[in-house]
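Protein chains: 2
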Amino acid sequence: MREVAVIGIGITKFGELWDSSFREMGIMAGLAALADAKVSSEEVDAMYVGNMSAGRYIEQEHVAALIADYSGLARDHIPATRVEAAGASGGLAIRQAYLAIASGMHDMVVVGGAEKMTDVGDMESNAIQSSAADQQWESVFGATSPSLHAMIARRHMFQYGTTREQIAQVAVKNHLHGSFNPNAQFQREIDLKTVLRSPPVADPLGLFDCAPNSDGAAAVVLCSLDKARRYAEAPIKILASAQASDTLALHSRADICTFEATRFAARNAYKQANIGPQDIQLAEVHDNFTISEILAIEDLGFFEKGKGGKAVEDGLTKLGGQIAVNTSGGLKARGDPIGATGVAQIVELVTQLRNQAGKRQVPNAKYALAQNVGGTGATAIVHILGVA
Amino acid sequence: MREVAVIGIGITKFGELWDSSFREMGIMAGLAALADAKVSSEEVDAMYVGNMSAGRYIEQEHVAALIADYSGLARDHIPATRVEAAGASGGLAIRQAYLAIASGMHDMVVVGGAEKMTDVGDMESNAIQSSAADQQWESVFGATSPSLHAMIARRHMFQYGTTREQIAQVAVKNHLHGSFNPNAQFQREIDLKTVLRSPPVADPLGLFDCAPNSDGAAAVVLCSLDKARRYAEAPIKILASAQASDTLALHSRADICTFEATRFAARNAYKQANIGPQDIQLAEVHDNFTISEILAIEDLGFFEKGKGGKAVEDGLTKLGGQIAVNTSGGLKARGDPIGATGVAQIVELVTQLRNQAGKRQVPNAKYALAQNVGGTGATAIVHILGVA
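Going down the list, the sequences are from chains A and B.
Per my numbering, the first sequence starts with residue 4, numbered consecutively.
Per my numbering, the second sequence starts with residue 4, numbered consecutively.
Don't take every hint at face value.
For chains that are exact copies, the list does not tell them apart, and a pair is met inside one copy or across any two.
[As the list claims (entries may be wrong)] Here are the computed lysine to aspartate or glutamate pairs in the DMTMM-like style, where the Cα-Cα straight-line distance is at most 20 Å:
| id | residue 1 | residue 2 |
| --- | --- | --- |
| 1 | Lys274 | Asp110 |
| 2 | Lys274 | Asp48 |
| 3 | Lys274 | Glu27 |
| 4 | Lys274 | Asp79 |
| 5 | Lys369 | Asp206 |
| 6 | Lys230 | Asp125 |
| 7 | Lys274 | Glu6 |
FYI, nobody ran anything at the bench for these hints, they're computed from the structure.
Bear in mind that the values here come from a model prediction, so they are computed numbers and not experimental data.
So that you can see chain A by itself, here it is in the shape it has in the complex (with noise of 0.2 Å):
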């Protein structure tokens, strides 16, 4: 397999961007990924797109040849493709990517993330996330994205003793990470207080809890490693990029308190880049609600499996401590646009691996890791980044 690099990125302001359609956003977080790789548009050859519902935000499916045509790719003929898997949509993109450049397939291929969320009611938003779980056997039933992770919190309490503060840390370390972001949907910091008495929606989970509906778009341009340098001083190589699956319907699970998805793919990115969890100085995990990323950062080995919630009281997740957790704010702060998600993880890594992250910099980062979950942990990316 050809080695991949990871020579541009771009990304939009996420939030409630009413001024922006999809394809708009689509195409400013391109161009600007393009411009920063200094690749003009002839050089590319192929163009993944991560998107979770389209279909249903703004009645529009073949998106992929959509930002094509906008972005003026299409005039190439070039191939496009959208790539689904609900949350780990954007993921899932920069993996197939790396896949047609390691193939031999394709050189120079960008992939982009996006979503609209904010053109329809936040009930239908509510409907449409839920599509996420097993329509048959949960969402029919009243079950929803927030009930399901509460479900995995009140389980997580029971079973490892993690208080409800710990699983609000989450919440006020990502906050303070998004104040040091200017592109993060929110930006200002919140206390212990704000999140405990907010207002309930799924218990234990309350509104700060819970990552917002967000529109936005982010972009990178791959290239095979060995053309890299001809454009970039320091290529960020992909190190690994792996992938899993698990039962789409929680109740199927032996236990929920692990996504067995995310153990399986990180154990397969770890061999593939032949390092392990202790190498790694700063990660972007799926906090789509607080208590997921306490279970993405047992599931990733960062932490014993029921140690995650003491670990982020501890302040050993923030910025400083052992490994920084969610520099960017992550989905809780930075806004959690779903197709957009996967792909802006990535924009973060690059950005602090090559030392351009500002107030929030982790100082002398080598290898950085990106998580991104797609539904209730049914499908889970694992990739991990490193200076080349």
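With chain A fixed as given, assemble chain B onto it according to the hints.
Chain B only, in chain A's frame:
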């Protein structure tokens, strides 16, 4: 790049399958393909699923994880990826699986395509299918898939003198072919008068010029060629896999009588396979409308531009003719469960190349081609298969 072969095929009947859910159809086709390949599920490394709009048809996104779950493959946590490019979703899934094997990442991959269309009403289905076109500049003004293709037909008649009767002959031929296919949705011959007198849908196209709404699923098992011989005496080799894009909206094209994406993908595919259109004995092309088949056989180089209608009229594309086109019955008679269609095309080509097509067998076929189209030609996928 590693070479890739097809070692197993499976397909459901296409039609109004009111007794089968989306997941049931997916599993039936997948297990049939695994049984045909004599591969156990433990040997499968990854799964790709082509699907256009389960989000709107059955309120379920994340369908690759769903199929992995219900087929038992999630037990082994294999990567499960859904891809979408409207009508070309199935061919796209084949291509991504091909790249995953060619890259060296995976050895054995199952590809499924599925769509459950008849759980919604015809008007809703029409709206969903029109989301393959440009929502902002086509669909929102009332343009639908039939009306866009009707404009193409009118222009082709004007520009090349193609007659209404020639266009209708595509349906007559494909119903004849479908009458030899036990899995086809329509297995009854029709005559020219029936097509010409059918209720108008979008002038000049009538009901019998349009592929039906269908439920159905198809699956294939792909394997690296070096391992394929352990399973199959005569594995069918994928000689070329090509994909191209074009503007999403029809009005952005210089010429609506040709699909540049098809031409571009075909050129690329012939180059990869190192053969020309004259070497192909049979082809499955994307006849979602009768006029589409005429464009296809011209754009693929089987007949000169403008001569496609005459070729059909003269029987050159019939079984026993110069090149056998849509021996399965095509989208018109076999049926068109959108995401399944591109995979069903490969199932037909493999059946033919294995000499297992019974009454519709093309004798001594060596090279076979599949052309799968998304929207009004904004995505085209071309595969060429041959006996290894």
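| task | Find the hints from earlier in the document that the structure breaks and name them by number, from lowest to highest. | result | When the structure is compared with the hints, numbers 3, 5 and 6 turn out to be violated.
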